[in-house]
Structure formats: C-alpha cells, structure tokens
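Visitor: Listed below are the residues making up each chain.
4 protein chains.
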Amino acid sequence: MPLLIKNGRIITADDDYKADIYCADETITRIEKSIDAKRLPKSTEVINAAGKYVLPGFIDPHVHIYLPFMGTFSADDYESASKAALAGGTTTLIEMICPGPKDDPWEAYQLWRQQAKKKAAVDYTYHMSVVRFEPKVRDQFKKIVKDGVASFKVFLAYKGALDLSDADLYAMMTMAKQQGAIVTAHCENAEAVDAMQKQLLAAGKTGPEWHEPSRPMAVEAAGVNHLCTFAQLTGAHVYTVHTSCAPAVMQALDARMRGVNVWIESVVPHLILDKTYAERKDFEGAKWVMSPPLRDKRHQDTLWSGLRSRIISTVGTDHAPFTPKQKEMGRDAFTKIPNGIPSIEERVDLLHTYGVAQGRLSLNAFVDAGSTAAAKIFGLYPKKGTIKIGSDADLVVYDPKAKGTFTAGYSKAGYSGYDGMEKIGRASAVTVRGQVQAKNGKFVGTIGRGQFLRRDATHG
Amino acid sequence: MPLLIKNGRIITADDDYKADIYCADETITRIEKSIDAKRLPKSTEVINAAGKYVLPGFIDPHVHIYLPFMGTFSADDYESASKAALAGGTTTLIEMICPGPKDDPWEAYQLWRQQAKKKAAVDYTYHMSVVRFEPKVRDQFKKIVKDGVASFKVFLAYKGALDLSDADLYAMMTMAKQQGAIVTAHCENAEAVDAMQKQLLAAGKTGPEWHEPSRPMAVEAAGVNHLCTFAQLTGAHVYTVHTSCAPAVMQALDARMRGVNVWIESVVPHLILDKTYAERKDFEGAKWVMSPPLRDKRHQDTLWSGLRSRIISTVGTDHAPFTPKQKEMGRDAFTKIPNGIPSIEERVDLLHTYGVAQGRLSLNAFVDAGSTAAAKIFGLYPKKGTIKIGSDADLVVYDPKAKGTFTAGYSKAGYSGYDGMEKIGRASAVTVRGQVQAKNGKFVGTIGRGQFLRRDATHG
Amino acid sequence: MPLLIKNGRIITADDDYKADIYCADETITRIEKSIDAKRLPKSTEVINAAGKYVLPGFIDPHVHIYLPFMGTFSADDYESASKAALAGGTTTLIEMICPGPKDDPWEAYQLWRQQAKKKAAVDYTYHMSVVRFEPKVRDQFKKIVKDGVASFKVFLAYKGALDLSDADLYAMMTMAKQQGAIVTAHCENAEAVDAMQKQLLAAGKTGPEWHEPSRPMAVEAAGVNHLCTFAQLTGAHVYTVHTSCAPAVMQALDARMRGVNVWIESVVPHLILDKTYAERKDFEGAKWVMSPPLRDKRHQDTLWSGLRSRIISTVGTDHAPFTPKQKEMGRDAFTKIPNGIPSIEERVDLLHTYGVAQGRLSLNAFVDAGSTAAAKIFGLYPKKGTIKIGSDADLVVYDPKAKGTFTAGYSKAGYSGYDGMEKIGRASAVTVRGQVQAKNGKFVGTIGRGQFLRRDATHG
Amino acid sequence: MPLLIKNGRIITADDDYKADIYCADETITRIEKSIDAKRLPKSTEVINAAGKYVLPGFIDPHVHIYLPFMGTFSADDYESASKAALAGGTTTLIEMICPGPKDDPWEAYQLWRQQAKKKAAVDYTYHMSVVRFEPKVRDQFKKIVKDGVASFKVFLAYKGALDLSDADLYAMMTMAKQQGAIVTAHCENAEAVDAMQKQLLAAGKTGPEWHEPSRPMAVEAAGVNHLCTFAQLTGAHVYTVHTSCAPAVMQALDARMRGVNVWIESVVPHLILDKTYAERKDFEGAKWVMSPPLRDKRHQDTLWSGLRSRIISTVGTDHAPFTPKQKEMGRDAFTKIPNGIPSIEERVDLLHTYGVAQGRLSLNAFVDAGSTAAAKIFGLYPKKGTIKIGSDADLVVYDPKAKGTFTAGYSKAGYSGYDGMEKIGRASAVTVRGQVQAKNGKFVGTIGRGQFLRRDATHG
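In the order they appear, the protein sequences are chains A, B, C and D. For the first sequence, the working numbering gives the first residue as 36, with consecutive numbering after it. For the second sequence, the working numbering gives the first residue as 36, with consecutive numbering after it. For the third sequence, the working numbering gives the first residue as 36, with consecutive numbering after it. For the fourth sequence, the working numbering gives the first residue as 36, with consecutive numbering after it.
If you're looking for bench data, these hints aren't it; they were derived computationally from the structure. Take these hints with a grain of salt, some might be off.
Copies of the same chain look alike in the list, so a pair counts if it fits in one copy or across any two.
Under the rule of at most 27 Å between Cα atoms (straight-line distance), these lysine-lysine pairs were calculated in the DSS-like manner [said to hold, decoys possible]:
no., residue 1, residue 2
1, K181, K212
2, K178, K360
3, K233, K77
4, K371, K418
5, K181, K53
6, K77, K178
7, K68, K41
8, K171, K371
9, K178, K240
10, K316, K332
11, K212, K233
12, K41, K332
13, K53, K153
14, K240, K310
15, K41, K152
16, K447, K41
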C-alpha cells in the first residue's frame, strides 16, 4: 500500500526542512515540497504530520531478545520485542548472538536466525559473538560474515565463560581486519571482577547494591584501553558497547588521537539512571542490575556532552528483559541476578525527553545518535538511518508535544526501569518499509513482516 | 543555462552512489539514476562524469584576500583569488575582515564588502574580526550579524594590535552567545610571543628559522585553553582556526568533554608541510612563514587522525598571499615577514593526494572536511556543502586518476609552497550555481558572478 | 637554656627512630640513643617524650597577618598569630606582603617587616607580592631578594587591583629566573571572575553561596595553565598556591611532564571542608568564603592522593583572619566579603586527624607536607624543616593519642571554621630555637622572640 | 679498620654540606665539621675528599647476575658483577630471582642465594619473581617474605613462560598487600608481543631492528594500565620496572592521581640510548636489544623531567650481561637474542655525565634517583641510601671533575653499550660497610665480603 506523509518537518542527522514524502514498494520514492494526494493511487494511505517531526526509523544497535542465562531465558521473544520496539519508534534491531563457549558458532548463528523467523515485525540483524576462536572454528566466522553479518562481539568480561585469551583476541581481531568486519566489545576485566565478586560474597555482601562495587570504573576503563591497544596493533575497527563513565570514554578518546579506529556506544540506562537505583532496598535494586553497572550521576554529563559533540556515536539499550521473578535467582548472591534493564520501548522517548527537551541534544544529534550513526557504522546506511529517495520507508512521525509518563509496555519483562518518570514526545506513527506498524504507542502492524538485513563488510 | 552531469559517482559527507544530476535556475533540481538528456531543454550543457566523482563545491572557511599588512597589501584581489579557488575546486570562500584597532567596524565591513563586488567569481561570505569592543561600537557588530555575517573572529595573538582584553573578550563572547554567532579564534598568547620575539631579535636571531621558536606549541595550547575556558563560562560556541599541533588539539578535546561547544579547524599547510621548510637557507624559508608556524612533522599524524575520526571538523588554508618580494620586508627581522602560505588553489588536491590516496581519509571524510562541515558550522548548509535537491548547483566533477605536480597557479603571490610535490587528482569541471567556472585547472567562467552569502545566526 | 627531649620517637620526612635530642645555643647539637641528663648543665630543661612523636617545627608557607582589605584590616597581629601558630605546632610562618598597585614595593616591604618586630614569637619570612612591574620599580625587587626574601607572589586574579599584564608577567618571571627566586602564584583568571560576578550580582545573586559559582574550577585550571606556560617559556620556577581541585592539579602535572619546574601547594580548608559550608543559610556561609573557593567534596580525594604520593608538595593555610563582623561588609554582595578562613592553629592537628589517623598519609608524608617540603622549596632547609645536628631547635613533641574537638583559639578572627569537628592528636610542647613557646595548646613563651629569616635565592 | 673521610662535600637526597665522616664497626659513627685524625685509632684509614663529593653508596634496584636463558646463562657471576658495580660506585644490588614456571619457588630462592655466597663483594638482596601462583605454592612466597625478601616481581610479558593469569595476578597482589610486600612488574602485554613477533618473523623480518616494532609503546602503556588497575582493586603497592616512554609514564601518573600507590623506575639505557642503536647494521644492533626496547630519542626528555621532579623515583640498569657471541643465538630471529645491555658499571657515571653535568638533575636528585629512593621503597633505608650516624658506611668519594670515556669494564659481557661516549666524573673511593672496595675505577677489595640484606615488609 503506498504511503504519503504530508506537512511534516523532516529531520535527519544533518537536515531539517518541511516536505511531503511518498513511499511506494517499501521505499521512499518522492520527497517534495508538496505532493498532491489526489494524483496518487487511491489506495495510498495518507498521514498528516502537521506540527510533527518526520524522522528516520530508529535503530537500536544493541539488544538481547533470545538470551539463555544460567538455565533460564530472557523473557522476550521476537514478537514482544518487535511490538515494544515499534511502539517506541524503533524499526531496526541489532541483536547479539550469544552462544556458549562449547557451542558451534555456525549452529548458534542458525539458532538465532531461527528465533526471528515469522515473528519479527521490525527489520533486524546481528552481531556475532566470538566466545571461542580455536583454529578449527575460524572459517565458520568468515562464513557468517559472508552470510551478511559483518560485525563481531567480544567479551572482555565474564571469566571462564565468554572471554577469549589475549592470543585468541589478537588472532580474532586480525581476522576481523582482513574480513572488513567491525569488532564490538564489552570491556571489563573478567578476572578482576570475578575475584572481587568472590571477596564480596565471602564477606556477606550479597545484595544488588554490591554489584557496582564489584565492577568499578577502573575495570571498565582498563578494558577499553585493552581493546584499543589490540585495535592499534591489528588495525581492526572497534566499537565499545555500553560505555558508562568518563574514564572509559577518555581511554577511547586517547586511543582515537593515536589513530585507533574506535567508535563509542552509550546506552540509555547510563544516560538517565544512576547507581542509587540499584541500591534500592529489599532487593528492589535488582531491577537495575546491568553490566557495566549504573554509575554515579555525574557521569551522565560526560555522556551527554559526548553525544552532543558526536564524540560518542550511538545510543543503544542493551535491552535484556528478565522479569522481577527471574531476578529473584540472585536473591542470595547478586552475581546470579540476570543482568539487564528493559529499555527497548522507552529509548527514543527518553532521548527526546531528557536530551532534546532539556537542551542537551539538537534534533539532528538526536536522530544521529538514535539512528543514523548506527546505520553508518554497521553497514545499513543509506538503506536505513536516513530519509532519502531510495531508502527504506522506515519512518517515524513524532509528536514532540505529547506528554505522559513512562510505564511498563510490551516487553515481557513486566516492568519499566523508568516507571513514573516524565515523558515528553511520542511516536504518532511508525512505518517499516512503508507499512504502518505502530500508532500512538500501540502496535498495529503485522507480526512476521520483519526481514533479516544482510550487511556487507565495510571496515577494511 | 541548464546543466546535466551524467554517469558520475556522487560523493557527499555521508553518501556514495551513482546518479545523474540536473540543475536549473542555479540549483539542483533532479537527482536520478538516469536522466535522459534528450528530454531536457536543448540548451542544456551536458558533462559526462563517467569514471569521475561528483562532489559538492568545496568551501574554504579561512582565507585572506584583501589584507593590509604594515603598509603593504596582500597580493591577491577577488579576481585572482576566485580564479585560483575555482581552478582548485573551491566554490565558496569565507574571508576574514581584518580592520585595525582604530577602524570603525561597520566601515571596515563595508570596505571589505566593496572589494568583492563585481570581482568575485565564487560565492563568498566573511568572518568579522573583533579587534576593539568598547561599548560604543558593540551595536555595530549586532548590525553586521543582522546583515548576514553571523561569525566573528578574535585574535588572542598580535599584542597591542589586534588582541582584546580579557574583559572585552568576555563581553564579546557573551554578546556572541546572545546573537547566536560563533566565535572563531586565532589562539596564541600575544604577550608571550612578543616578549620572546624581542629576546630573539636582541640575540641576533633574525632569520625565518626563528619564527617557530618564537611561537612554540605551549603558546598555542595555552591560547586554546584560554578560549575554551571563556566559552565554558559564557556558553559561546567557538572554533579554533589553524590548529597546528597535538597539544592544541588535546586542549580543545578536553574542553569538549567538559561540555564546551568547540570545533577545530586545521589548515592544509600544517597537514602537509613541516618546520624544516621555514628553516631553508638564504631567507628562502620566509615563503613558509605563517602563524601558528609549521611544526615538527610528527604532529601531522595527529591532524590526519583527527580528521579521519571527525574530531577535527574542517580544513581551510589561511591563504594569505604575499610575494617573495613582499616577504623581503622581514629580511632583517623575521617578525616583519608578511605571514602566509598561498594554498587556495592547492588545498583540495593536497587533501586528495595526501589524504585519500594515501588511505588516511575516506572519500566521505574528504568531502566533509573540505566542504560539508564548514557549511554546517557556518550556516551555509544545505544551500552549500552538499548535493541535494534544492541545494545550489555548486559541483565539482573530480578525476581521481589525474596525475601531475603542484606548481604556482593563479594567485598573485607568484609561488607555490608545494612546488614540485606529486599531485593525484584534479577537478575536471567546477560549477557555481549551475554555471561551469573552471575546467581542468583553468578558469573558464565569469568574473563578477560570485554572490555574497547572507548567513543567519545558528549558534544560539 | 639548654633543652633535652628524651624517649621520643623522632619522625622526619624520611626517618622514624627513637633517640634523645639535646639542644644548646638554639640549635640541635646532639641526637643519640640515650643522653644522660645528669651529665648535662643543671639548667637543662628536660621533656619526657615517651609515647610521643618528636617532629620538626611545622612551617606554614602561606599566611596573611597584616592585610589591608577595602578599608579594613585583617583581625590578627603578629602577637595573636604567633600564639595561634605555636599552640598548633607551627614554628615558622611565611607571610604574604600585599601592597596595593600604587604602593612603592620597597616601602611596602619595610612596612610589613615593621609589623613583626618585637611582636613575633615564631620565626618568619615573606613572599613579596608583585602587583606592579613597570621598569622603574624593578630594581626594588632585586634589592628585596638581596635582603633575603627570595620568593615572589603574583596574582592572576583580582582584576585591575593586583594582577599584572602578561607582558609584565613575562618580564617579572624572566627577572625571577635570573635572580633565582621562585614565583608563587594565585591562579584564577581575573577578568572572567570579574565579569561573572557582575552578572551574578546584577541577577540578584548576592549571597555567599554564589561565591563558588563566580570562580568555577575552569577559571583556576586556566590560571594554572597560564602560569605554567609562562614558566615553560621563561624557565622560572613556579609554585601554585592553594590549589583546590583536580583540574588545576592536572594542569600542573601535565606541565611538569613537559619539563616545567612547578610545585603544588594545597591548603587545609580545601582538604577538609567543601562548598556546602559556604552555602549555609542566613549569611553564615560567609565564614567559609575564600578564593579559590571551597569545592565539591570529591576533590578532596585528589588532594590527599597528591599529598600521599608527594605530587602535591605542601599544605599551607592561606590564613586570612576576618571576624564575622567584618564578614558583614559583604552582606549585600558576596564580592565584598573579606576572604579567608582562619586555620593557622588548626592546620597540623587537622592533617593528623584527617590524614594520618585515617590512613591517608604516612607519618613521614605528614611531616614533609607540613614542614620539610616548604623548607626545601623556600630555602629554609636544613635550618628549618628537619631534625639534624646543626638545625634550629624548632621541635614539636606531639601526642598522637590526645583527643578533643576543634574550637576557636588565639586568632582574633574569633571563630573556627572547623568548630566541633573531632580532633586526634595535639602538640604537647613546641620549641622555637630551643625555647619552649607552647605547651598542650597554650602559649607559654616570649613575645618578640621570633626572628626574620633571611633566605638566599636557590632556584637558579 | 676504622675509616675517616675528611674535607668532603657530603651530598644526600636532601642535604649538601661539608663535614668529616668517621666510620667504625662498619657504620657511620660520627659526622662533624672537623674530626682530628690524630685523636683516632692509629689504624684509621684516612681519605682526603677535598674537592670531591661524599655520596651514599649507590643502589641498583634492578640487575640480573645469574640468569638462565634458553639453555645458556648470562655471562656474569657475583664476582665479576661485584667488581663492575663497585668500580662504578654501586655498593648494593637487588637481583631478580627468575625461576622457570615449573621450578619450586623456595628451591629457586635457595639456588639464587647460593650463587652469591662467598662471591659477592657488594651487599645484595632480591626481588622474588612470581611465575606461578597455584594455591599449593603460595605459602612458599610467604616464607620467602619472612626470610627477608619483601618484594615480588611479576611479568606481564613473556607469554606462556613467565606471565601469570589475571586470576593468579589478582590473588598474588592480594597476598602481597596482606604481606606488606611491594610488587615490581615488567609491563608489556605478552600475547600481543608474541603475535606480532610471529607476524614479523613470518614476513622475513628477523633482524634486531625489528625488536622495537614487535614491542611498541602501546603494549607497554597497556601493561602499566593493567598493573595499576589491579593495584587499585587490591590495594597492593606496585613499582613499574624499566619504564621506557611517555605513554607508560602517563598511565602510572594517572593512576597515582586516582590513589594508586605506584612508583616508577627508569633504567639508564632508556635515558641515554635510543632505538637507532638497535638498528645498527650487520647484527651489531643485537648488543642493544633489551625489553622494553630502546625508544625514539624524544622520550628521553620525559624520563629526565620525571626524575628531576621525582615523579620517576629510581634509575636502575636491568643489567643482563650476554656476550656478543651469546647474542648470536638470535642471528636468525631477533626473538632469540638474549635481552640485555650491561650497564652496572656505567650507571652512576652516566647519570652524572648526562644528568648532573648537563643541568638536567640536581646533585640531590642524582643521589635520590641512584640510591636513596630505592633504599626507601625497598626497605633498606636508613641502613642504606643515606649518610647518617648509624647507617652502614657505604660511601662513595666522587670526583666530579674526572674526565674520560666509557669503555668495557669488569662485566664478562665483554662490551660496553656506551663505548666511546664522553664521561665526566668518577668514583675515587668506594666503601662497603667501612672497607674500601674500589679506587679510581679499580676493584681493590675483598671478594666474599658482601652480605645478604634481610628486608622487612613495609608496604602494608
């Protein structure tokens, strides 16, 4: 069904102008001052965007949907995650494929691909985690790149479970450079965290308020330095996921000035929340346990400054949906609390409310951080991440004047980490390749419409 | 006359695709996969860009054309400067208006405007230097902003001549913030330079090789810190011109992480040349005297890294054309050597040869640094700096395979600072608002065609 | 009268051992495992220091006693200041000579010298402020150095009153280098502070809580950078007084790594107090107004870390005693509040209580920071600042187990900024050149005993 | 035999004065303006130090004497090493005990102790390398600390041979903190170096000029960051051995400002030599292969600045004596070149010639860097490292006016890395506990006189 969006104010990472947009065959085919609806096919759906922004569909570069964790699984599936994403204005997800260290990489890749089929209502792609890299499995990763997943994820955290040896890390980054695939990384020193956690637990410090002290900023900054050193040596392009604090950002920035090709991701919990949430009494704090942990409030200024000046490229969520009941697994030991704060639905509105509306982010920077930069870094641009002729008709008609309150939404996690906080702005209509999938915060689309996005290697 | 550019590879700061471009009435009106020339007006000029890039016209954000200096004047006028710019692919110039401290600002503004009339073949605008700021002249600056010149220039260098007191600097930056005008700044501590120059001359150190030691990096880094501190306090947006070395860049970067809105300009001499040029014997070095001076070669890596990661936004020239004969004024004292290295014609090809062709810059980064970023920062975008429907048809058809050697061109300075260096790439055709003004390095256009560009304040 | 201190634990900046000390003719003449009192002159006074430390007399490198301020004078004179110093374990003071910009330097020097005569009970010397430096007065400063005052003070703060132009600063530091005199400096940008203060007052923000916002950290860090840049250029040795926060310390440290000879002073208010004191209601905060202002609490960690690792050399007070009544001068405008927090009596016990007793400082570092480092930097060592044969018998028998509470003491300021805070440790006996001047916090000595200390230039 | 040193200028880390020194029973018993030789025992040896300095015996905190390497052994034994040390003014050595990963720590300790017995002519102690740390061997390390060796050495370099896992590193540093022992560390990332070396060799880059590129500065800086992170987390006190370049120093300094207790060691090759030595043709460069490698010359300024301001605490040698013939082992692969530049005899004179005589170091800083600081950090002070009553009579009468040339000395390595360089200054007489062991560069003492120095833990 053709689509016409009229009278909107189009905002991209660079531009800000008024025009009408016409979409046919899933892509944007016309952008003109004024398009006369009468001359269009009768089947054309018309949305009046007067007084509203028209934005590129938002992209969340860092989510978990299917996620095994200590015998349980994260609460969402592609259906609930898609609804949450679309309700909040996000039209593309990049999910982490997270096999265990004994799993066969190619099989894991197939397993994750399987989860999305017929269930996704957003378009999607993956970062392929590398949690083993002995010679016999290396070709599987090349095959995955060729299959269209041109980005890896490594964990410098999670001792004995997911982390690579430095020798394997070097080999893996060398391969990534050769393949032109970017390496995203969770940067925390695994052994240090493990040792501190054992000490804390042995001392009877078992509550969620001890999660942050067990993963202090020094551990994260050291991880970023470590990653960037290996990037400097191998030439690989790297991307630090969920960078949470000033010392970690500074390490990446220092590396950039030495010539390292490093991009920085923040995630919305670190921009909005602080560690006092995880310190809430009676195990309530468990809802806000994620890694790297929520930090002292003053680091939020660094993150917003970084986004405004585009030193920090992207804002993801690290959406990892576990119910309060699942969080109970860690009642006796914070180390067993499933990590994650569901944010997939809230992200765009949080950025608008606490970024744009408070004068911390320009509208262009908002779009760049929430959509365009991720598209460029991960090889989705200009199909995704912008409003151009030929681009996919993933569009968000956004009402900047809507007012409300954050509350739990579609995620099966069953709670919102931002519950009760003020909300300014809302997606009035959200399209995926030209079809309206959400309206005014409600999913109105088609489950199964989402497509896998093949991405070519672009970081050679 | 309508214009059609066919078969080119269009490259902007973000995009890279093949399409045809049609321009009418001075702007770009169509961008399509294939535009049939036969259906266009017969008068349409057709350029075949097969095998070539089509780039937005380049913008030089930092040039001097009319420049009084110790009783003489810089060698170029708008005619020679326009020819040089266009031959090299530059279609817009931003000139510094440089009155003396006793001149009336509004009169100076009129004087500079007068120089360009009927002589410019490129479009142009200005940065308005503020070399006095007592209360009675302040309204003149507001009037100039309203007249369309929404950027200022301050000198923290040039003691007793051009520098403001800190009290006036604070007042001036407060006004700039209120007016939404950005403040560009030459950052060197005037008094320190003055004192060191006197010491050097008194010690008989009078040759051009003493120019750099009289303006060491510490003086520039301190200037950047000073500017950024005042920007932090007043909220003004600032831009450090011709940033030459790692310590200066780091000061700006530190400030950015504190929330300061600062952009960094490099200029092409600092990217390509080093201080050994100014140390050439028999006063030959005078040709390479500029301020801040050419530095040790290793700082070039910092500047290229900064451009690649877009931490450094722009590349200008600080084109200031003085003939070798004029340079003779400083034969007895390097402090009297007219400062400047003519680069207006060479800039784009230098960036392509030593940036793109050597793998230091992507094509997108090349366009951003040479054109788009300046357009955005200075309120010219999207009229200038990109290739979009509705943008001015300032276009460069660029042949990346052309090979040659740098040599003196249109500038009346009469020499090239890059003489004999290898050149890869050349503008095959250069248009200003749809009219071809240069072909294959030769001016073929119309003197007087250039227009003054009114710019609104955008840095509120 | 000879003096024997028996059974004490002698602690210097380097050493820690048990021995007896015998003093005759004002100096230490014997340090031995055990000195038999029976073999000494009968007149020998014997102090049993069993269970106590014996420390070098403490030195306060930064005090104001005679201080004209907007028509009033600071509350102390040499008699009250001496008593306060001695009661707290301090045996040497370095006072700032603070003439006005129209005063004759030599006359000011004589005036300040006059204040101490017959009134001082501690030994003392001066830093000579340079608030004007036109050629005709320069020889006066050389004469003052030759007279034994080999250190200068400059203000980068206090616009139009005490600050030098950069040209004069450069000339002054060049002279200091030639004379071998060190330059101490108050580092805040005067014009920026002045402009912000006018804005705040104009906005009706007149209370003491606005003092800190009018002198933010950026202003101090910029001042330190400025000083260090001039030190780098002239070769002068410099010393940043009352360094209050991490950004300022980092600027000095960066400079040191570039080869700048810079020492860092902290003062005890910044180590112990924070800006919430100055925010106390009903003008109570005025008691805690000093410049640079009290900062956010987290900067205390930086200062203690710096002292522990001896990156920060000294701890002074910036004692500037004004009564609560005098503070009333600024009731209508915080800019008129006389600056200063009286701390001369509390300093040593504060360092012991909040440094040593809390494990932040070793005993050696405590002595170094409170005494030895200042002696070395300012040419008093080894006459002062250590316990050696031949050194002046300025000794403190210190009881580390004494417990109490801070309260107002001898200073005529009439209040303590630390009132009611816990105190651990106290000087049991304090000697100046072999004579006991204080016991258990009470002055028991002779007014007028204090001597002027001639110091030779040592920073060539 | 009693000893009297007359008329000398005594210089310690803090002091500089003229006095006579009398030594009996191996220690300093009198320091007086003038001691009358006639009143001393007739057996007293008298040295006239007029016109010379009297310095504390120098301490080399980082040497290898007995060192197995790939089937061979370093060339020196305690006899040759003692002679070299004493000839150059060094009276105490701290040797690294370097067992293999399968060796029993306590047995290795005994083996190393055995080497020195009856052969040492200097006093000596050890750093105990920890190259395995599984639970069953941990008590052995505690036993070694109790036996008087209160410092450890860890290697973050040498993959699969000497490096610990991060888990063991954390456990080991936790134990060190509990035991009050300091952890010295070789900071380079083992895996990264290993991978790069394989790549270089595979590319046919086998000569000694490829040694530096295989261990770039980033690898060392990352190692320092890693060590300091673990120190921050465990509270252990750490010491970075042979810190070679500005990035590594800056990482330690940043850590210090975060509260990490870290000391920095430089070694004399990095202060004097640069990487061009290792690039000498025809395998000549092999003589200058050590790790971390010799760097670009500009890093020397950083190291000297650090020493002058005492940010860098000590200067050792990393003396590791291999003959040119032994170096041939690496003719086909630089990775097999035995690492080390013999410097034990040259160190003090190099510091004097290129530090003191060139104005880079004060005499006090020279003594501190070469002797006192090491004594303090490693628990030898005040027995060693200073000139005080009660201290060991380890003294150097130093003639600052002696002129000569560096050349091969007592080391069995058979060459000097400084051959032919200018030398200013020489030890005229060197005593160990009161007995003259060297005169004018010649060993004249008693082999076997050297004693093992028991050191208590002091870093709790």
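Visitor: Each hint needs a verdict: does it hold in this structure or not?
Guide: How the hints compare with the structure:
1. For a Cα distance limit of 27 Å, the shortest separation of K181 from K212 inside one copy, 14 Å, qualifies, whereas the shortest one across copies, 51 Å, does not.
2. Taking identical chains as interchangeable, the C-alpha atoms of K178 and K360 are never at most 27 Å apart, the minima being 39 Å within one chain and 50 Å between chains.
3. For the identical chains of this complex, K233 and K77 are neighbours neither inside a copy (67 Å) nor across copies (66 Å), given an alpha-carbon limit of 27 Å.
4. With identical chains, the CA atoms of K371 and K418 are never at most 27 Å apart, being 40 Å at best within one copy and 53 Å at best between copies.
5. When the C-alpha separation of K181 and K53 is checked against a cutoff of 27 Å, the pair qualifies only between copies, where the shortest distance is 24 Å, while the shortest distance within a copy is 40 Å.
6. In this assembly of identical chains, K77 and K178 lie within 27 Å of each other by CA distance neither inside one copy nor across copies; the values are 46 Å within and 53 Å between.
7. Taking CA atoms no more than 27 Å apart as the test, K68 paired with K41 passes in both settings, with 9 Å inside one copy and 25 Å between copies.
8. Taking the shortest Cα distances, K171 and K371 never come within 27 Å of each other, neither inside one copy (32 Å) nor across copies (29 Å).
9. Proximity of K178 and K240 under a CA criterion of 27 Å is satisfied in neither setting, with 45 Å inside one chain copy and 32 Å between copies.
10. For a Cα distance limit of 27 Å, the shortest separation of K316 from K332 qualifies both inside one copy, at 19 Å, and across copies, at 26 Å.
11. With identical chains, the CA atoms of K212 and K233 are at most 27 Å apart between copies only, with a shortest distance of 17 Å across copies and 37 Å within one.
12. For the identical chains of this complex, K41 and K332 are neighbours neither inside a copy (41 Å) nor across copies (54 Å), given an alpha-carbon limit of 27 Å.
13. Taking the shortest Cα distances, K53 and K153 never come within 27 Å of each other, neither inside one copy (36 Å) nor across copies (35 Å).
14. For the homomeric pair K240 and K310, the shortest alpha-carbon distance inside one copy (16 Å) is at most 27 Å, but the shortest distance between copies (33 Å) is not.
15. Taking identical chains as interchangeable, the C-alpha atoms of K41 and K152 are never at most 27 Å apart, the minima being 33 Å within one chain and 42 Å between chains.
16. Taking CA atoms no more than 27 Å apart as the test, K447 paired with K41 passes in neither setting, with 35 Å inside one copy and 53 Å between copies.
Of the numbered hints listed earlier, those contradicted by the structure are 2, 3, 4, 6, 8, 9, 12, 13, 15 and 16.
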